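In order, the protein sequence lines correspond to chains A and B. Count the first sequence with the working numbering and you get residues 60 to 534, in order. Count the second sequence with the working numbering and you get residues 5 to 575, in order.
Each hint should be verified, as a subset may be incorrect.
Unchecked claim - Quick list of in silico lysine-lysine cross-link-like pairs, DSS-like style, CA-CA up to 27 Å:
(1) A:K400 - B:K467
(2) B:K467 - B:K480
(3) A:K400 - B:K194
(4) B:K169 - A:K400
(5) A:K349 - B:K158
(6) A:K349 - B:K194
To be clear, the hints were calculated from the coordinates, so they are not data collected in a lab. In this text, all values refer to a predicted model and were calculated from it rather than measured experimentally.
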Amino acid sequence: MSDITKTHLAVIGAGPGGYAAAFLAADLGLDVTVIDPEKNPGGVCLYRGCIPSKALLHVAKLINETREAKKWGITFASPDINVQQLRDWKNDVVKKLTGGLGQLIKQRKINHIQGRAHFLDSNTIEIINENSDKSRLQFDYAVLATGSRPAKIPALSVDSPRLLNSTSALNLEDVPKSLLVIGGGYIGLEMGSVYAALGSKVSVVEMMPNILPGADKDLIKILKKSLDEKFDKIMVNAKVTNMKALDDGIRVSFEGDDVHQNNQKFDKVLMSIGRQPNSDGLGLENTSVKTDQKGFVVVDDQRRTADPSIYAIGDIAGEPMLAHKASHEGHVAVEAIAGHKVAFEPQAIPAVVFTNPEMAWAGLTEEQAKQQGRNVEVMRFPWAASGRALTMDRTDGLTKLIVDPETERILGMGIVGAGAGELIAEGVLAIEMAANVTDLKLSIHPHPTLSETVMESAEMFFGQSTHIYRPRRKK
Amino acid sequence: MAIEFKIPELGENITSGKVASVLVSAGDTVEENQSVLELETDKAVLEVPSEVAGTVKEVKVSEGDEVEVGQIVIIFEEGQEQAEAPAEQTQDKKSAKQEEEGKEQATQPVEETPTPAEETPDSEQPQTTKAAAQTIEFKVPNLGENVDAGSVAKILVSVGDQIKKDNTLLELETDKAVVEVPAEQSGTIKEILIKEGDQVDVGQHILTIETSESAETKTGAQKEEQTKTETEPSKTETESAPAPKKEEPAPAPQSTTKPKQERSDQGKRPLVPAAPSVRRFAREIGLDIVNVPGSGPGGRIGIEDVKVYSKRLHQQRAASDTVLKGVQAEALPDFSKWGEVDRQSMNKVRETTARHLSYAWTTIPHVTQFDKADITNLEALRKQYGPKAEEAGGKLTVTAILLKIIEGALKKFPQFNASIDMQNKEIIYKHYYNIGVAVDTERGLLVPVVKNINTKNIIELSKELRELSKKARDRKLALEDMQGGNFSISNLGGIGGTAFSPVVNAPEVAILGVSRAEMEPVYQDGQFVPRLRMPLALSYDHRLIDGADAARFLRWVCEALEQPFLLSLEG
Numbered sequence: 060m061s062d063i064t065k066t067h068l069a070v071i072g073a074g075p076g077g078y079a080a081a082f083l084a085a086d087l088g089l090d091v092t093v094i095d096p097e098k099n100p101g102g103v104c105l106y107r108g109c110i111p112s113k114a115l116l117h118v119a120k121l122i123n124e125t126r127e128a129k130k131w132g133i134t135f136a137s138p139d140i141n142v143q144q145l146r147d148w149k150n151d152v153v154k155k156l157t158g159g160l161g162q163l164i165k166q167r168k169i170n171h172i173q174g175r176a177h178f179l180d181s182n183t184i185e186i187i188n189e190n191s192d193k194s195r196l197q198f199d200y201a202v203l204a205t206g207s208r209p210a211k212i213p214a215l216s217v218d219s220p221r222l223l224n225s226t227s228a229l230n231l232e233d234v235p236k237s238l239l240v241i242g243g244g245y246i247g248l249e250m251g252s253v254y255a256a257l258g259s260k261v262s263v264v265e266m267m268p269n270i271l272p273g274a275d276k277d278l279i280k281i282l283k284k285s286l287d288e289k290f291d292k293i294m295v296n297a298k299v300t301n302m303k304a305l306d307d308g309i310r311v312s313f314e315g316d317d318v319h320q321n322n323q324k325f326d327k328v329l330m331s332i333g334r335q336p337n338s339d340g341l342g343l344e345n346t347s348v349k350t351d352q353k354g355f356v357v358v359d360d361q362r363r364t365a366d367p368s369i370y371a372i373g374d375i376a377g378e379p380m381l382a383h384k385a386s387h388e389g390h391v392a393v394e395a396i397a398g399h400k401v402a403f404e405p406q407a408i409p410a411v412v413f414t415n416p417e418m419a420w421a422g423l424t425e426e427q428a429k430q431q432g433r434n435v436e437v438m439r440f441p442w443a444a445s446g447r448a449l450t451m452d453r454t455d456g457l458t459k460l461i462v463d464p465e466t467e468r469i470l471g472m473g474i475v476g477a478g479a480g481e482l483i484a485e486g487v488l489a490i491e492m493a494a495n496v497t498d499l500k501l502s503i504h505p506h507p508t509l510s511e512t513v514m515e516s517a518e519m520f521f522g523q524s525t526h527i528y529r530p531r532r533k534k
Numbered sequence: 005m006a007i008e009f010k011i012p013e014l015g016e017n018i019t020s021g022k023v024a025s026v027l028v029s030a031g032d033t034v035e036e037n038q039s040v041l042e043l044e045t046d047k048a049v050l051e052v053p054s055e056v057a058g059t060v061k062e063v064k065v066s067e068g069d070e071v072e073v074g075q076i077v078i079i080f081e082e083g084q085e086q087a088e089a090p091a092e093q094t095q096d097k098k099s100a101k102q103e104e105e106g107k108e109q110a111t112q113p114v115e116e117t118p119t120p121a122e123e124t125p126d127s128e129q130p131q132t133t134k135a136a137a138q139t140i141e142f143k144v145p146n147l148g149e150n151v152d153a154g155s156v157a158k159i160l161v162s163v164g165d166q167i168k169k170d171n172t173l174l175e176l177e178t179d180k181a182v183v184e185v186p187a188e189q190s191g192t193i194k195e196i197l198i199k200e201g202d203q204v205d206v207g208q209h210i211l212t213i214e215t216s217e218s219a220e221t222k223t224g225a226q227k228e229e230q231t232k233t234e235t236e237p238s239k240t241e242t243e244s245a246p247a248p249k250k251e252e253p254a255p256a257p258q259s260t261t262k263p264k265q266e267r268s269d270q271g272k273r274p275l276v277p278a279a280p281s282v283r284r285f286a287r288e289i290g291l292d293i294v295n296v297p298g299s300g301p302g303g304r305i306g307i308e309d310v311k312v313y314s315k316r317l318h319q320q321r322a323a324s325d326t327v328l329k330g331v332q333a334e335a336l337p338d339f340s341k342w343g344e345v346d347r348q349s350m351n352k353v354r355e356t357t358a359r360h361l362s363y364a365w366t367t368i369p370h371v372t373q374f375d376k377a378d379i380t381n382l383e384a385l386r387k388q389y390g391p392k393a394e395e396a397g398g399k400l401t402v403t404a405i406l407l408k409i410i411e412g413a414l415k416k417f418p419q420f421n422a423s424i425d426m427q428n429k430e431i432i433y434k435h436y437y438n439i440g441v442a443v444d445t446e447r448g449l450l451v452p453v454v455k456n457i458n459t460k461n462i463i464e465l466s467k468e469l470r471e472l473s474k475k476a477r478d479r480k481l482a483l484e485d486m487q488g489g490n491f492s493i494s495n496l497g498g499i500g501g502t503a504f505s506p507v508v509n510a511p512e513v514a515i516l517g518v519s520r521a522e523m524e525p526v527y528q529d530g531q532f533v534p535r536l537r538m539p540l541a542l543s544y545d546h547r548l549i550d551g552a553d554a555a556r557f558l559r560w561v562c563e564a565l566e567q568p569f570l571l572s573l574e575g
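So that you can see chain A by itself, here it is in the shape it has in the complex (with noise of 0.2 Å):
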């Protein structure tokens, strides 16, 4: 086939970041052509990332409060587990989203081509089909949103359907009785939570001194503190080093600290060490688009590639890989597009950890603070002293806040507890709306929430937390 149709935006990848960019670009009058493999948008977030684990995750949380109301005198039974039910489910949720999508695709009248992309210049790509069939579309403008595919160890690559990635750990075809968890992030301590809850004997092996490395050590803490019950063990500073294929598992050689048994076998491994764009293979090298030594598209703050027609957005042009940074970038480009003086300018990109408790931050971290070498006043305000918490039986929680002392704003928030990643909307708005702690002392919080810990620990700032005594000291 030879058919060479035209458009003015074309939309590369349908994810988040692709799909919300083509949608603002349509309500902007853009003519739009979105190309994706899959029928519908939705991209690794709602089909093998974020929106299946969570679905996975919510029947996690059930499981484990089922066994913590033993504690309040209510006992429930082992729960039986359907796995082919729970996958059906996750399936299910998966294709209302999607299917959602498709539909709102239509609506707004944009060209939805399946197929893969693949730049033939600056200016046209060609697209394959599922049939193999090729078709030419030229462009004015394309947004490259093609994301990234999760990472591999080469050198630890082996051959069997027991070595799981966090697209085919979401797949849940069993339960094994053992697994390993190679990288401690948040994929890794997410998938290993739902397996954990559903009765598999979970290790974790982390290289950094720490899982979940950036964030800051005292909610990693309160976190860990969970995970240790829930996981078999979490191994940090060690590193796998050797995986043999066995015909009922794999065998896997550990070095490190935490290591007590050097030789281990486990039923699967989930190999989690972090995603890589997917920039290769678009046949950018036809454009001018750079790419650094990541693989990462080089881009300018309005998300403007070394090609001026092309622009690349998400995953593919840098950390952090996350939906919600994506989608706001892909608004940044498309508004850049139609003529807008526009820049990604975060002041706060929140990152949610939805294990349980969950875990999350936004804007400055304590770690960072020090690093920069920065003077910053930190709030903590323990979830013992929220009544909330009590009720829940979830005081395993905090809420911190990083203070410039001089001008007195929120520079950054981190919560971990139960809830934390619908907590922190509040400390990204603070930040961006460069709010001060008496805007949030003075804000009044509905009680009794979660949420007044955001206020309480405002009011630490000034020694009066209503809650904890803690007078403030004098300077």
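Here the structure of chain A is known, so what remains is to put chain B in place on it, guided by the hints.
Okay, now just chain B, sitting in the frame of chain A:
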């Protein structure tokens, strides 16, 4: 075929002239380059050669008329037609021709309608004709009073960009504010010689711009191409916006430094205390929010702060524009037409002097008061006490003595020790006595300031003056040595001359010029006696100082020179 002959380009800066004589009349046959008119311009009488050959059909001007460049003065019939005409002058042809003439006359008034005023003014014509594919060095313009350098905060254009006059090209951060630098002409960016973070000086060549017809037609072509696509409006919008686009300005350094910057988005830019809506507003109106001072708690920036800041920037720019207008309006002729020239860049002192004095001259209504002081006695005293000053390491010069005398005069006439604040409609009176002394150095004029004169005696002043002059000549003056003056003295007596009118060193309001003292016959007590008389000139800011006060001031100075005792008495 009638041809209109218009007044051609007459030379640089000549837009009109008076017809001194008309050398042809209707029916004359004219060769190309034959003189048809003599024009008297304010520079010379010029012969205007014809650009066409043909028969003069009508002369539309007569002697004494004022004509402008581009005005139609003669209507010709083209040569070829004319050549045939005399050969066979049949009645038919003639009448046909007359008919044609009639027609043309009917249409002429219409063609004539562009009155001289509407014609393209001369000053623009050389640009459009000569400018075909001309590259222009774009230099950092004046950024305001006392600002002579800045660092490049942001470059808003890239190589290949089409720019329009007044499009913002870059943002410069000076020690006072961030200034947007607009394009002075439309064109295409050829070359960017700077990068963000660079220090640039006023006058530094930073961009090369091609101003040309070709650039314009290119834009046209591009637009045409775009109209083919349905969604063209949005594209043209981005194309014409001065935002970064097309080829990267400096591919090599950018590609290596940029990724890192972009990777840590949160780290690089300071956390500005402004809400996203406010930040976006600032971006939309072309301001960098980082530079906007916030008035809220903890320096929080509200939308009002952005507006106030923007207004201030515009006022600053408007102020610097008005100062420059009078200075830069005229284009320079091509001097090399008349002989060999070479161009040298101004040094910093020259540049600052030129800018500062233009500012002073254009903003201050100057008047100069002249007088002469009899310094016969003073000279005797100066010789007598000279060794004392030498002992102290100074030199008892007239300037040193004048410092003390002016201090006395400033005390007696406080409006001379003042500055004007026109914006607030206030006069600022100063209660300290600092006087600048113009020093002639290799690099040019420098004006070190002798401070707190009231606390020093003449010997001390002579010593300090000597030190400052030496520092000036050795290029060792610090900026603060040249700041804080209330009044200036320029003594050219050492060189000679009978009188000159110095320019007030704004924001001061007066300056004393000293010329060479000469022995003069003075009629005294019924006879002429030789007296040493020193000519003095006092230029002053007439906004603040009235003529009578200036006369009194200068008289007092003369009297103090003549009778030094007056200084102790009144000073």
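Need the list of violated hint numbers for this structure, in ascending order.
As far as the earlier hints go, only 1 is violated by this structure.
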